[in-house]
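S.K.: Line order of the protein sequences matches chains A and B.
In terms of this note's numbering, the first sequence opens at residue 27 and continues consecutively.
In terms of this note's numbering, the second sequence opens at residue 6 and continues consecutively.
The hints are simulated quantities; they were obtained by calculation from the structure and are not laboratory data.
Hints may contain errors.
Covered by chain B, per the in silico footprint, the following chain A stretches (three or more residues, Cβ under 8 Å) [said to hold, decoys possible]:
1. 61-75
2. 128-139
Chain B is nowhere near these chain A residues, computed Cβ spacing over 12 Å in every case [unchecked claim]:
3. 28
4. 37
5. 103
6. 110
Listed below are the simulated SDA-like cross-link pairs for lysine to any residue, each with C-alpha atoms no more than 20 Å apart in a straight line [said to hold, decoys possible]:
7. 111(B) <-> 64(A)
8. 111(B) <-> 113(A)
9. 83(A) <-> 35(B)
10. 83(A) <-> 97(B)
11. 111(B) <-> 114(A)
12. 86(B) <-> 52(B)
13. 81(B) <-> 49(B)
14. 73(B) <-> 58(B)
15. 83(A) <-> 8(B)
16. 83(A) <-> 98(B)
17. 111(B) <-> 67(A)
18. 111(B) <-> 70(A)
19. 83(A) <-> 33(B)
20. 39(A) <-> 107(A)
21. 111(B) <-> 65(A)
22. 39(A) <-> 138(A)
23. 81(B) <-> 115(B)
24. 83(A) <-> 7(B)
25. 83(A) <-> 32(B)
26. 111(B) <-> 63(A)
27. 86(B) <-> 63(B)
28. 111(B) <-> 83(B)
29. 62(B) <-> 128(A)
30. 111(B) <-> 75(B)
31. 86(B) <-> 116(B)
32. 111(B) <-> 68(A)
33. 83(A) <-> 31(B)
34. 62(B) <-> 130(A)
35. 83(A) <-> 34(B)
36. 111(B) <-> 66(A)
37. 86(B) <-> 19(B)
Just so you know, even glycine gets a beta-carbon here, dropped at the ideal spot from N, CA and C.
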Amino acid sequence: KAGVTQTPRYLIKTRGQQVTLSCSPISGHRSVSWYQQTPGQGLQFLFEYFSETQRNKGNFPGRFSGRQFSNSRSEMNVSTLELGDSALYLCASSTGAGGGYEQYFGPGTRLTVT
Amino acid sequence: GQNIDQPTEMTATEGAIVQINCTYQTSGFNGLFWYQQHAGEAPTFLSYNVLDGLEEKGRFSSFLSRSKGYSYLLLKELQMKDSASYLCAVRASGGYQKVTFGIGTKLQVIP
Numbered sequence: 027k028a029g030v031t032q033t034p035r036y037l038i039k040t041r042g043q044q045v046t047l048s049c050s051p052i053s054g055h056r057s058v059s060w061y062q063q064t065p066g067q068g069l070q071f072l073f074e075y076f077s078e079t080q081r082n083k084g085n086f087p088g089r090f091s092g093r094q095f096s097n098s099r100s101e102m103n104v105s106t107l108e109l110g111d112s113a114l115y116l117c118a119s120s121t122g123a124g125g126g127y128e129q130y131f132g133p134g135t136r137l138t139v140t
Numbered sequence: 006g007q008n009i010d011q012p013t014e015m016t017a018t019e020g021a022i023v024q025i026n027c028t029y030q031t032s033g034f035n036g037l038f039w040y041q042q043h044a045g046e047a048p049t050f051l052s053y054n055v056l057d058g059l060e061e062k063g064r065f066s067s068f069l070s071r072s073k074g075y076s077y078l079l080l081k082e083l084q085m086k087d088s089a090s091y092l093c094a095v096r097a098s099g100g101y102q103k104v105t106f107g108i109g110t111k112l113q114v115i116p
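Extracted from the complex, chain A is given alone in its bound form (with noise of 0.2 Å):
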């Protein structure tokens, strides 16, 4: 069974644009949820998509965004670009809603603001 996909891996952005990342989740996975990850905050948990709907969301600005597609893929946006934003964006895929279930990870993409 192939594992999480995630692209764009690297990606090389000026402040100010917009970005989208992708992330298709091992077949038969309902759940996605994407995290963002710093070596000062370490993981921090975006929202999670289950089912094309956001069932949870973290505390990050409306700038960030996402949705899922009949098919489980999700994409995530990020309007606006800050130098902030420079992170690795990880996406996990799961059975059940609410990442309750074991969590598998996507390889992540490496976004980076100039």
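Assemble chain B onto chain A, guided by the hints.
M.R.: Okay, now just chain B, sitting in the frame of chain A:
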């Protein structure tokens, strides 16, 4: 809100046993995860505790005490490849359920 504390760094010797502690404060506790993350890689699942007690899985064991808001990950017969960050994460309910991660404990295994 939720608060998760774990030591930032630990060092242990190859072949030894190491215990990584995690304390948490949360409302509506619904389970605790441990993940391993090697440098430059994504986290991988190690364990999930919902009830009090010890769960053993090969060289790794995880313990939970809900009344104390405390968990630990025990690694036996340490190997060099165990050098990694170990992340404690708590699942809590309260309208919506989400998983909150601690900052992680960077473990260095030395010969």
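S.K.: Determine for every hint whether it applies to the structure shown.
M.R.: Evaluated hints:
Beta-carbon proximity to chain B at under 8 Å applies to 7 residues in the region 61-75 of chain A; the threshold of 3 is reached and the given coverage holds. Counting residues of the region 128-139 of chain A whose CB lies closer than 8 Å to any CB of chain B gives 7, so the stated coverage by that chain holds, three being the minimum. Every C-beta of chain B lies more than 12 Å from that of residue 28(A), the closest at about 15 Å, which supports listing it as non-interface. Look at residue 37(A): its CB is around 16 Å from the nearest CB on chain B, clear of 12 Å, so calling it non-interface holds up.
A cut-off of 12 Å between C-beta atoms confirms that residue 103(A) is not in contact with chain B; the least separation is 20 Å. At roughly 17 Å, the least C-beta separation between residue 110(A) and chain B is larger than 12 Å, which holds for a residue marked as non-interface. Distance check on the hinted pair: residue 111(B) and residue 64(A) sit about 14 Å apart at the alpha-carbon level, within 20 Å; holds. As the CA atoms of residue 111(B) and residue 113(A) are separated by approximately 19 Å, the hinted pair is consistent with the 20 Å bound.
In summary, the hint linking residue 83(A) to residue 35(B) is supported, as the alpha carbons are separated by about 17 Å, within the 20 Å threshold. Of the supplied pair hints, the one linking residue 83(A) and residue 97(B) holds, its CA atoms being roughly 13 Å apart against a limit of 20 Å. Distance restraint check for residue 111(B) and residue 114(A): the Cα-Cα separation of roughly 18 Å lies within the 20 Å cut-off, and the hinted pair is therefore satisfied. Pair hint residue 86(B) plus residue 52(B) holds up; C-alpha atoms about 18 Å apart against a cutoff of 20 Å.
At most 20 Å may separate the alpha-carbon atoms for a hinted pair to count; residue 81(B) and residue 49(B) meet this at roughly 18 Å. Using a Cα cut-off of 20 Å, the hinted pair residue 73(B) and residue 58(B) holds, with the two alpha carbons roughly 12 Å apart. Straight-line distance between C-alpha atoms of residue 83(A) and residue 8(B) comes to about 17 Å, which keeps the hinted pair within the 20 Å bound. A hinted pair counts as satisfied when its Cα atoms are at most 20 Å apart, and residue 83(A) with residue 98(B) qualifies at roughly 13 Å.
Taken as a hint, the residue 111(B) and residue 67(A) pair is honoured in the structure, with Cα atoms around 14 Å apart against an allowance of 20 Å. For the hint pairing residue 111(B) with residue 70(A), the CA-to-CA distance comes to about 17 Å; that is within 20 Å, so the pair holds. In summary, the hint linking residue 83(A) to residue 33(B) is supported, as the alpha carbons are separated by about 17 Å, within the 20 Å threshold. Pair hint residue 39(A) plus residue 107(A) holds up; C-alpha atoms about 8 Å apart against a cutoff of 20 Å.
Taking the CA atoms of residue 111(B) and residue 65(A), the gap is near 12 Å; set against the 20 Å cutoff, the hint holds. The straight-line distance between the Cα atoms of residue 39(A) and residue 138(A) is roughly 6 Å, inside the 20 Å bound, and the hint therefore holds. Under the criterion of a C-alpha separation no larger than 20 Å, the hint pairing residue 81(B) with residue 115(B) is consistent with the structure, at around 14 Å. As the CA atoms of residue 83(A) and residue 7(B) are separated by approximately 14 Å, the hinted pair is consistent with the 20 Å bound.
Under the criterion of a C-alpha separation no larger than 20 Å, the hint pairing residue 83(A) with residue 32(B) is consistent with the structure, at around 17 Å. Simply put, residue 111(B) and residue 63(A) have alpha-carbon atoms about 15 Å apart, close enough for the 20 Å limit, and the pair holds. Using a Cα cut-off of 20 Å, the hinted pair residue 86(B) and residue 63(B) holds, with the two alpha carbons roughly 15 Å apart. Straight-line distance between C-alpha atoms of residue 111(B) and residue 83(B) comes to about 14 Å, which keeps the hinted pair within the 20 Å bound.
Between the alpha carbons of residue 62(B) and residue 128(A) the distance comes to roughly 15 Å, so the proposed pair stays at or under 20 Å and holds. Between the alpha carbons of residue 111(B) and residue 75(B) the distance comes to roughly 19 Å, so the proposed pair stays at or under 20 Å and holds. Straight-line distance between C-alpha atoms of residue 86(B) and residue 116(B) comes to about 11 Å, which keeps the hinted pair within the 20 Å bound. For the hint linking residue 111(B) to residue 68(A), the alpha-carbon distance of about 12 Å falls within 20 Å, and the restraint holds.
Between residue 83(A) and residue 31(B) the alpha-carbon distance is near 17 Å, which keeps this suggested pair within the 20 Å criterion. Proximity of residue 62(B) to residue 130(A) is assessed by CA-CA distance (about 18 Å); at most 20 Å being required, the pair is judged to hold. Simply put, residue 83(A) and residue 34(B) have alpha-carbon atoms about 17 Å apart, close enough for the 20 Å limit, and the pair holds. With a C-alpha separation of about 13 Å, the suggested pair residue 111(B) and residue 66(A) falls inside the 20 Å cut-off, and the hint holds.
For the hint linking residue 86(B) to residue 19(B), the alpha-carbon distance of about 10 Å falls within 20 Å, and the restraint holds.
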